[in-house]
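Protein chains: 2
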Amino acid sequence: MHTENPRVVFKERPGTGIPVPGEHVVFERSHSIDLDGVPLNGGFLTKTLMLSPEPFMRERMRDLCIPSYSTHAVLGDPLVSFGLVVVLRSEKEGINPGDHLYGLTPWEVYTVQPYIHGRSKYDPAEAPDYTYDVDALELQIVPDPKGAFPWSRYFSVLGAPGLTAFCGFEGCADAKAGETIYVSSGASAVGSVVIQLAKAKGLKVIASAGADSKVEYMRALGADVAFNYKTTPIVEVLREHGPLDIYWDNVGGKTVEAAIEYSRVHARLIMCGCISEYAIGPEERYGIKNTGLIFKKRLRVEGFLAPELAPRLAPRFYAEMPVLVAEGKITAKEHITEGLENGPAAMAAVLKEGGNEAAGKPVILVATE
Amino acid sequence: MHTENPRVVFKERPGTGIPVPGEHVVFERSHSIDLDGVPLNGGFLTKTLMLSPEPFMRERMRDLCIPSYSTHAVLGDPLVSFGLVVVLRSEKEGINPGDHLYGLTPWEVYTVQPYIHGRSKYDPAEAPDYTYDVDALELQIVPDPKGAFPWSRYFSVLGAPGLTAFCGFEGCADAKAGETIYVSSGASAVGSVVIQLAKAKGLKVIASAGADSKVEYMRALGADVAFNYKTTPIVEVLREHGPLDIYWDNVGGKTVEAAIEYSRVHARLIMCGCISEYAIGPEERYGIKNTGLIFKKRLRVEGFLAPELAPRLAPRFYAEMPVLVAEGKITAKEHITEGLENGPAAMAAVLKEGGNEAAGKPVILVATE
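These protein sequence lines map, in sequence, to chains A and B.
For the first sequence, full-length UniProt numbering assigns the number 1 to the initial residue and increments by one for each residue that follows.
For the second sequence, full-length UniProt numbering assigns the number 1 to the initial residue and increments by one for each residue that follows.
Don't take each hint at face value.
Identical copies look the same in the list; a pair holds intra-copy or inter-copy alike.
Claimed, not checked - Pairs of lysine-lysine residues, derived as DSBU-like cross-links and limited to a Cα-Cα distance of at most 35 angstroms, are as follows: (1) K230 <-> K289; (2) K92 <-> K199; (3) K199 <-> K289; (4) K254 <-> K230; (5) K92 <-> K289; (6) K92 <-> K352; (7) K289 <-> K146; (8) K352 <-> K204; (9) K289 <-> K204; (10) K204 <-> K121; (11) K11 <-> K289; (12) K352 <-> K333.
No wet-lab data here; the hints were simulated from the structure.
If you're wondering where the values come from, they're calculated on a predicted model, not measured in any experiment.
Given only the sequences and the hints, what does the whole structure look like? Please build it.
The following block contains the structure:
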């Protein structure tokens, strides 16, 4: 018997701008799958429960001629992002029906795993040396929270964003109690964890976001100074509440310039993302004019990628973080959108200036068990 | 008996642009000194043998409202730079007539040391936290090279530039044999030492300067690829001979953008100076548009100041470098200008696009012993 297997397909590269639902990214109902009969070839069949629209997916949609740190998304196949799936059938040792797994998975309801069909071809000899083969990230079994926290936490503080925050903060910040950190996109999944890690370490935290609801959220997380950058100029806030010992960058461009300007001597700038630049052309990017201060202030500006620091830091993350979350010492919030058919719009919302209106990591609820 | 004591006085702040000899920086013969009778007050009397026009002096001439890493130069007093002096009379223990000292000293022939008259007022509570009190650097006795090398080496490889190159390279580069480094201003006093340190460590060296004579000089120092950036676009050379594992920046602006573009994953960019920006206004500075690559390529961009690293690295520098120089394993070149009256023009020459025409660290020969 065939069951409908809806999917969200990457239909056309958007060039610049935000991918338009129905044009670049399209929800389709035409596929189906035989849940009982589909061959597993030693793998396992999963049902997708939740999916995560992420800025990095936009970077993967870039034109083929543009190199970057991630491989390209494949046209005609479902989008790929972090997801939570449940196992229906398995031929793989160690994976059993009912197991929940978190990791990269295609935007469709049912999938024979490991998912290799829509993977981008990645030949290290052909790709730029800084390309990270995103598709190499594998699904990992996650334990049932048994009510201590909702499953959706695996998308925020206990998933890739939380690990990213932990790796960058523990690996690059050299944070000391009493120092001041500024976190841009402070209400994002990554930023909200950075705020809490910094507070736990005794730092003064300045945080910005693009909506008043997010400002409230950042305050609730412990930020000492929280502001809406759309209504309050960043430089004004940093002039009053800086100088900075640490800047956590999720944004790029003009925000980095402001952070450099109001950095203290020997400040550390941690470059984690540049959401302001993913959907624009190289020429539209903001030109930073004060990089001379990197030398004059003896700053350290450092980029990192969580999977590279994970071998050293992930064991601590997986040991410490779930406990802190279960105890309520580190909190998180997810913004749930119901239905895979709303996936394309949820994807676009992540990318618009200021991100989603609502605070909380956007998660698409695809199906219940 | 009074002896004429010529000096070069800082007469007027130049705002933007290169200080004009006779206008902003003026040679004067009107002062005199009683060499036998001038009170030493526990200090010592020196005769200036050589002086060093340096880019950092321009930064000190900036308008008072502009903060920076250095204190301001004082109007009406002689310029201050690194110099080599010989002691004529002394009341200070450990300093004897005939001793040679290297360090910060005023642009005049005879000076009662320590020179405090023309020091800028420096109150750490008032100055930005990244200000370094340049005037705090003291004259240090240097040994007679006894013909193993000329005294002028104390201005290049064995002086502040050599120490700067050593501290930055040993402290920030994490250089490994087989890696590729690009050194801008490779014929400068600092750059020429970086080239040799890198070659000694087994690196491939790309180096640029603004004159063909300097290209030849950089090749003689061991640079594998040397080019004149005025006639060959930097990006072309880096595209062909990169990517870079290390970039040594003496220039700032557009050159940094090119280095970021052609950096390998995990490259280190060492920010040592920004000669392209000292004499222009903030608005004229080049805006760097590819800082997003710092995150994507996981780069580390780091500023440093030699005096801050010196407590850790200077002992090795003073132990190793003079031996290497005496053995001819590390070489240097100085470009000597005779006569303090030519000091203002020598100062201006350092600051023009591409620096001096001639290769070699510019040194002003003020007097013989």
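Hint check:
1. K230 <-> K289: both (22 angstroms within a copy, 22 angstroms between copies)
2. K92 <-> K199: For K92 and K199, neither the intra-copy (43 angstroms) nor the inter-copy (53 angstroms) Cα distance is at most 35 angstroms.
3. K199 <-> K289: both (31 angstroms within a copy, 33 angstroms between copies)
4. K254 <-> K230: both (13 angstroms within a copy, 30 angstroms between copies)
5. K92 <-> K289: neither (55 angstroms within a copy, 48 angstroms between copies)
6. K92 <-> K352: Classified as neither; 41 angstroms inside a copy, 70 angstroms across copies.
7. K289 <-> K146: neither (52 angstroms within a copy, 48 angstroms between copies)
8. K352 <-> K204: within (29 angstroms within a copy, 44 angstroms between copies)
9. K289 <-> K204: both (27 angstroms within a copy, 30 angstroms between copies)
10. K204 <-> K121: Answer is between: at 32 angstroms across copies they meet the 35 angstroms cutoff, but 45 angstroms inside does not.
11. K11 <-> K289: This pair counts as between: shortest inter-copy Cα distance 30 angstroms, intra-copy 38 angstroms.
12. K352 <-> K333: within (20 angstroms within a copy, 56 angstroms between copies)
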